[in-house]
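Peer 1: The whole structure should be built from the sequences, with the hints applied where relevant.
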Amino acid sequence: MLTVPEPVTRPRRERREAATHCPYCALQCGMVVTGPDARDPDARGSDRADLGSEQVSAVREASVRPREFPTNRGGLCQKGWTSATLLNTPARLTTPLVRRHRDEPLRPASWAQALDLVAERLRGIQAAHGADAVAVFGGGGLTNEKAYLLGKFARVALGTAQIDYNGRFCMSSAAAAGTRAFGLDRGLPFPVTDLDTADAVLLAGANVAETMPPFTQHLRHAADAGGLIVVDPRRTPTAELAALHLRPAPGTDLALALGLLHVAVAEGYLAEDYLAERTTGFTSAWQVAANWWPERTERVTGVAAADQRRAVRLLAEAGSAYLLTGRGTEQHASGADTVSGWINLALALGLPGRVGSGFGCLTGQGNGQGGREHGQKADQLPGYRRIDDPAARAHVSSVWGVPAESLPGPGRSAVELLDALGQPNGPRALLVFGSNVLVSAPHAGRVADRLAALDLLVVADFVLSDTAATADVVLPVTQWAEEDGTLTNLEGRVLLRQRAITPPEGARSDLDVLHGLATRLGQPAERFPTDPETVFTELRRASAGGPADYSGVTYQRLRAGEALHWPVPEADHPGTPRMFLDRFAHADGRARFVAVDHRGPAERPDADYPLLATTGRVLQHYQSGAQTRLVPELVEAAPEAHVEVHPDTAARAGLVDGDLAVVASRRGQTEARVRCVASIRPDVVFLPFHFPAAQRANLLTNPALDPTSRMPEFKVCAVRLTPASAPTVPKGSG
Amino acid sequence: MTRTAEVLPPPTTTGALRVVVVGYGMAGARLAEQIRARDPHAHRVHLTVVGAEPHAAYNRVLLSNVLAGTMSEWAVRLHDDGWAADHHVDLRTGLAVTGIDRAARTVGLADGSSVGYDALVLATGSRAWLPPIEGLCTEDGGLQPGVAVFRTLDDCARITAATGIGGRVAVLGGGLLGLEAARGLAGRGRRVTVVHPMGHVMERQLDAGAGRVLAKVLSSHGVEFRLGVGAARHVPGVGLELADGSTVPAELVVVSAGVRAETGLAVAAGLAVDRGIVVDDRLRTSDPNVYAIGDCAQHPGTVSGLVQPAWEQAEVVADLLTEAAPDAGYRGTSVVTRLKARDIDLAALGEVHVDVDAPDAEVLCLQDPARGRYAKLVLREDRVAGAIMLGVPDAAATVTHLYDRGLPAPADRLALLLGGALPAAGGAAASAGDLPASAVICRCNTVSKGRLVSAWREGARTADALATATRATTGCGGCRDAVCGLVDWLSAQESPDQPAPAGGPESPESPGVPAGESDESDESSQQNPVPVLA
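Here the protein sequences come in this chain order: G and B. Just so we're aligned, residue 1 is where the first sequence starts under our numbering, counting upward by one. Just so we're aligned, residue 735 is where the second sequence starts under our numbering, counting upward by one.
No lab work stands behind these hints: they were computed from the structure. Treat the hints with care, as some may be off.
[Stated by the list, open to error] A short list of chain G residues far from chain B (calculated; beta carbon distances all over 10 Å):
1) E104
2) R313
3) G445
4) G522
5) A571
6) G589
[Unchecked claim] These stretches of chain G come out as covered by chain B in the derived footprint (C-beta under 8 Å, 3 or more residues):
7) 71 to 85
8) 212 to 226
9) 258 to 271
10) 280 to 294
11) 305 to 311
12) 644 to 657
Predicted model, so just to flag it, every value in this text is computed and none were measured. In this text, a Cβ means the ideal position worked out from N, Cα and C, and glycines have one as well.
Peer 2: Structure, rendered in structure tokens:
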């Protein structure tokens, strides 16, 4: 590993370098951003995006380099290395854009014009149709301050219950399952570096070698020890590192988890003392798993009984073992139960709440953890409180200086919210912050229809995302290195991203936007501060006493380099790197087994749609690709959508490697370049979801929802595959 | 309609359908669960379950684990004590049903009471069949001392109590259940001999070659075999005398010679009974108010003795009785036989007795008795029609999946037949010199071998210098060894007694770096990364 010297962080006004974190995933790799030469007035507008970051770092533009930090140890992937390109992208928005009708082009407007227009339209819509006629959609990439103020803006300035965010698409199943098992959900309840000495790690539906590459450093010990187990229908780069790769059919992960629990009992690996002292409910969970003997599990999942036994032996006989879940196992209509199935296995082996072993979920988006804690979720208030809890409402409303009864109740979850747009009794206006739902939401064709039915669509973004391009009003906002703000990484550690460069003229922070709208809607100016640290200070008070208690975290402590994992209930509290060591967060201190059974995917293959499609990510792109598709080096490496297909399946469809294919489901169709992969199951195809327009994988996906978490089923739907040249008539597509 | 005083009123709603299930085994318990999954508050169905055994229902599939000593009695219980009350089920265990009055729609119970029904479901299961061999049965039909069957939890306890470690056990019958019992007992230190009158074990599911290999594998776990010879007489305290005059010494004989459907009640009630209680696709007997599921039922094309058909039938009957799916029907279960025996992996399905020379099928067969492997695949019209997979566990999983889903078989038949027994595609990590120039060395930063070679030519002569020039190794660092290997290889190429370094039109012999190689990796190269974290 490269060793990179710690940067010197100078006082804010003069500094040209800032120790900060990557703008992308939840690993939040440490990096140094070097700003452009402040004395060069033309530094910003230069057209040097064609150059790699090293070449320009000494000259005029912002650049990044990695720094030592526990999560990335000085490593960066290609996305991180090229992230400075975003600061220099010619696609950057620097003026608000407005149109009176959707068939007109977007035209530049002043900030005052744009905000006046939005406020006036919001007032009119709410006067005519009620407070819930305006909805808000947030994102897991927003800082804690933005997520917090967005939730407050919705509940106080708009008085609407209709707010949710794209984290519903990522973290909700793991959060629901973690909460019901442990009483509290924090992605990794231990520092990521605890994995460094693990002898065995089971990754369920996580492809870290592509989604957070520097993370794989923490798996090296387990891999070298022959203890890395990867559960994935595809032979991913992560699976290639594993001693054991289990390939369940898409949508059968819960059956596999039940089968492994069965094996744990049958082979005598049950941690009986731990069960007696630290858990409840094993019997009811076992009575389900008893029906999943390995041979039956094999028949449903396709995972050999012998491999199931080997996996459990590796975990149970390791001195130090961890079980981690990712989106592959969570993004299902039975995602919460599936995660409960994995937690049940971890509890049966006695892993959670002990030093040197554990269960965790690998958070995806940059602030996927903090974003789910501070009130942009339909059912939540800051501090990971429930909005239907009277005590939580009383506390938060007192911090906000409003009557508790003025706070709305729980609203619709993300898919249901998008589905209600423009419908009778549904919202007629939508404000989007930090999300690109036209690409990232399931059944994307339907989302486009719903957005088109709105009276008003407002999108705040720093580039013209696919969603922004369809809006009535686009508000150009600042981005990562241009503003201060905190994020909470995958291990629950609160991080300060520091401003390194001056934002381009014309861009304003999301906090400014919320302030501008709130004051126009009649809110007192001081209720919506624009300074991130001031907002954070208020967030600390709002979170105090809640499950995710940030009250002891300060910018000062973060600047000093303290490693603060929440909860941090006091200013002198050292933080909580490892949770649950003494007790779990339920009232009785015990973890709960949850009796869950396999249901299978919401949509099965049939004669018309004989294949199963699963969606995911490639290394070079992040989420909807709105950012990474602007980076030439990343586009060069991964320019377009592809579909991974077994060579036999491709041949039966009349396709060869490199052909353009149409993949069609009951909901729509998408185009992708065929990539023949001998290691994929012949009944499965894989598509990355980062690509726009006709290449959107989410045109196919099934919006069937998990009954508990309201997570849509991104990871499995029935499709057929045809050559792009042949005419295709998808049945019932809309 | 007659209602007797003993019938509990429906717990919530009057007018609910009164359903009585006779039998609280795997089929009856499953049916009760499925009815309550569809009607959790007993609005539609008032449910009574009658079981003759005193135990709560238990998982019969797992009895071989109990016999092998790897599971306790507790672990195989299907329900705990509060289950019936929690689920509005009137459960009566330890109580036999004495008769069915179809005209009155009541069942009589051994305690003299009776229960009225609107729909009756018989889930009475099956019992072990005892071959007519002297010394197995007492005059009243009971078992002689030193003889046991293997059907119930109590049988497990009897079998394990009857012998100690080193004790001799004869298992009469080399079918699936007999072999599971034999393996379990051998694993617990008993000296086990399987006596089977046919030429090879599991002759219904296996061809002779597979049967031989399986017997060999079981022998290596301590099980002995006497095949092709029947038992003539059991002499208590001595053992089994065989038809050829020899004797298998045994303190205990475990009879596992097949089962017979438990049809006594149905016969007495005048229902149509053949080998089992005859049912249609709605699982109805000859009386439309009486259903039968599981081992006691005879549905065309369904093999009895397995749990999967019973469970699927329970779902259909639950759909019908709760009206959750009034059109539900049962059309048979595709059977995959799996031997549940520690360290032995065997799956058999479909047509297995097809010869490799059969003109109308594609048949592959690999025999590897020395390593305990036997793989046979019967294909018709590109689909799996039958298979025997012994000792090739991951191939068994794949073949089963193809069979169940009717999917076309992969073109690479050998890979299908052997699964993970074949070397993985690509094999071990190639050395730096052998890789094509387009191979991605550093996946985290999409750096190909060609780009590293170019950087090396431009003066980056160490791994650190290459990292600075290309960012290779600066992600997860897993390709560090590969980059160092490349530096060594390039340096060796450059040494005086070697040809010029790779690349360029003048050195076409340099492996992996074709003439005019550029920095760029092509699209397809991303499929062939070097395994990192060696």
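Peer 1: Each of the hints needs a verdict: does it hold here or not?
Peer 2: Verification of the hints:
1. Interface exclusion of G/E104 from chain B stands, the closest Cβ pair being 39 Å apart, more than 10 Å.
2. With a least beta-carbon separation of about 12 Å from chain B, G/R313 lies farther than 10 Å from that chain, consistent with its non-interface assignment.
3. The non-interface label for G/G445 is consistent with chain B: the shortest C-beta to C-beta separation is roughly 28 Å, beyond 10 Å.
4. With a least beta-carbon separation of about 49 Å from chain B, G/G522 lies farther than 10 Å from that chain, consistent with its non-interface assignment.
5. The beta carbon of G/A571 is kept farther than 10 Å from every beta carbon of chain B, the shortest such distance being approximately 37 Å.
6. With a least beta-carbon separation of about 24 Å from chain B, G/G589 lies farther than 10 Å from that chain, consistent with its non-interface assignment.
7. Check result for the segment 71 to 85 of chain G against chain B: holds, 7 residues qualifying (beta carbon to beta carbon below 8 Å, three or more required).
8. For the segment 212 to 226 of chain G, the proposed coverage by chain B is satisfied: 9 residues have a C-beta within less than 8 Å of a C-beta in that chain, meeting the threshold of three.
9. Using a Cβ-Cβ cut-off of 8 Å, 4 residues of the segment 258 to 271 of chain G lie near chain B, which meets the minimum of three, so the contact claim holds.
10. Counting residues of the segment 280 to 294 of chain G whose C-beta sits closer than 8 Å to any C-beta of chain B gives 7, which meets the bar of three, so the coverage hint holds.
11. Beta-carbon proximity to chain B at under 8 Å applies to 3 residues in the segment 305 to 311 of chain G; the threshold of 3 is reached and the given coverage holds.
12. Given a C-beta distance limit of less than 8 Å, the hint that chain B covers the segment 644 to 657 of chain G holds, as 6 residues qualify and 3 suffice.
Violated hints are absent here; each numbered hint is respected by the structure.
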